[in-house]
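A.B. asks: Using the sequences and the hints, build the whole thing.
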Amino acid sequence: NAGVTQTPKFRVLKTGQSMTLLCAQDMNHEYMYWYRQDPGMGLRLIHYSVGEGTTAKGEVPDGYNVSRLKKQNFLLGLESAAPSQTSVYFCASSYSGNQPQHFGDGTRLSIL
Amino acid sequence: DQQVKQNSPSLSVQEGRISILNCDYTNSMFDYFLWYKKYPAEGPTFLISISSIKDKNEDGRFTVFLNKSAKHLSLHIVPSQPGDSAVYFCAASVGTSYDKVIFGPGTSLSVIP
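Chains as they are written, first to last, in my numbering: chain A, 163 to 274; chain B, 9 to 121.
No lab work stands behind these hints, which were simulated from the structure alone. Some clues are possibly wrong.
As the list claims (entries may be wrong) - In silico DSSO-like links for lysine-lysine, alpha-carbon gap of 30 Å or less:
1) 219/A / 108/B
2) 171/A / 13/B
3) 64/B / 108/B
4) 79/B / 219/A
5) 13/B / 219/A
6) 219/A / 176/A
7) 79/B / 13/B
8) 62/B / 79/B
9) 76/B / 64/B
10) 232/A / 79/B
11) 233/A / 108/B
12) 62/B / 171/A
13) 232/A / 219/A
C.D. replies: So, in structure tokens, the structure goes:
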């Protein structure tokens, strides 16, 4: 069982570059989420989606965009990367809003 | 200001003994709490949850206690095993709102054989 798969696992970018992180889930979950984790802090919600074609802002959405064109995929985009976006990014999914979330293994992103 | 606090960044326990991980919260509206466990290079995995209508929930070796008046919850692991060595995140939400889950910074547990 793949569960939640994040691509890539590691990436180094230069300031100003753009990139897209891909999250794919094979559990037919409606809800998907993107978090970032920084040292000494808990996971913070960037954006989330409650179904195909929907997206909404979380706690720290600035500098990021997302798309959910297919139910199984949730993309996180950085249009112009900044050093403050250096972090570990986690994608998660859940069947519904009142179920615990299943997480991917994370993407470690460094912005130089 | 962090709404969910885990004031012990790390904890070491002997194998077979009890591990107690603590979590404090400031928002009195929180009424649903979860614990996640995370191994290095992996994502968090759900461990156990508790609703504010209960003060205890048990699942095998894991028990979560909730003290609403003190805005405090704790996770007890008995007996502790080396495989329990991981980072434990406490999380809280208002109801089961998927977009309002607030995570604590985590406590790194080391179980020494």
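A.B. asks: Evaluate each hint against the coordinates.
C.D. replies: Structure-based check of each hint:
About 11 Å separates the Cα atoms of residue 219/A and residue 108/B, which keeps this hinted pair within 30 Å; it holds. Between residue 171/A and residue 13/B, the direct Cα distance comes to roughly 29 Å. Compliance with the 30 Å bound is thereby established for this hinted pair. With a C-alpha separation of about 23 Å, the suggested pair residue 64/B and residue 108/B falls inside the 30 Å cut-off, and the hint holds. Restraint check for residue 79/B and residue 219/A: the C-alpha separation of about 28 Å stays at or below 30 Å, so the hint holds.
Taken as a hint, the residue 13/B and residue 219/A pair is honoured in the structure, with Cα atoms around 24 Å apart against an allowance of 30 Å. For the hint linking residue 219/A to residue 176/A, the alpha-carbon distance of about 25 Å falls within 30 Å, and the restraint holds. This hinted pair checks out: residue 79/B and residue 13/B have alpha carbons roughly 11 Å apart, not beyond 30 Å. Our distance criterion of 30 Å between C-alpha atoms is met by residue 62/B and residue 79/B, whose separation comes to about 13 Å.
At roughly 11 Å between alpha-carbon atoms, residue 76/B and residue 64/B fall within 30 Å of each other, so this suggested pair holds. Pair hint residue 232/A plus residue 79/B does not hold up; C-alpha atoms about 40 Å apart against a cutoff of 30 Å. Restraint check: the Cα-Cα separation between residue 233/A and residue 108/B comes to about 22 Å, which is no more than 30 Å; the hinted pair holds. With a C-alpha separation of about 39 Å, the suggested pair residue 62/B and residue 171/A falls outside the 30 Å cut-off, and the hint is violated.
Our distance criterion of 30 Å between C-alpha atoms is met by residue 232/A and residue 219/A, whose separation comes to about 18 Å.
Comparing the model with each earlier hint shows violations of hints 10, 12; every other hint is respected.
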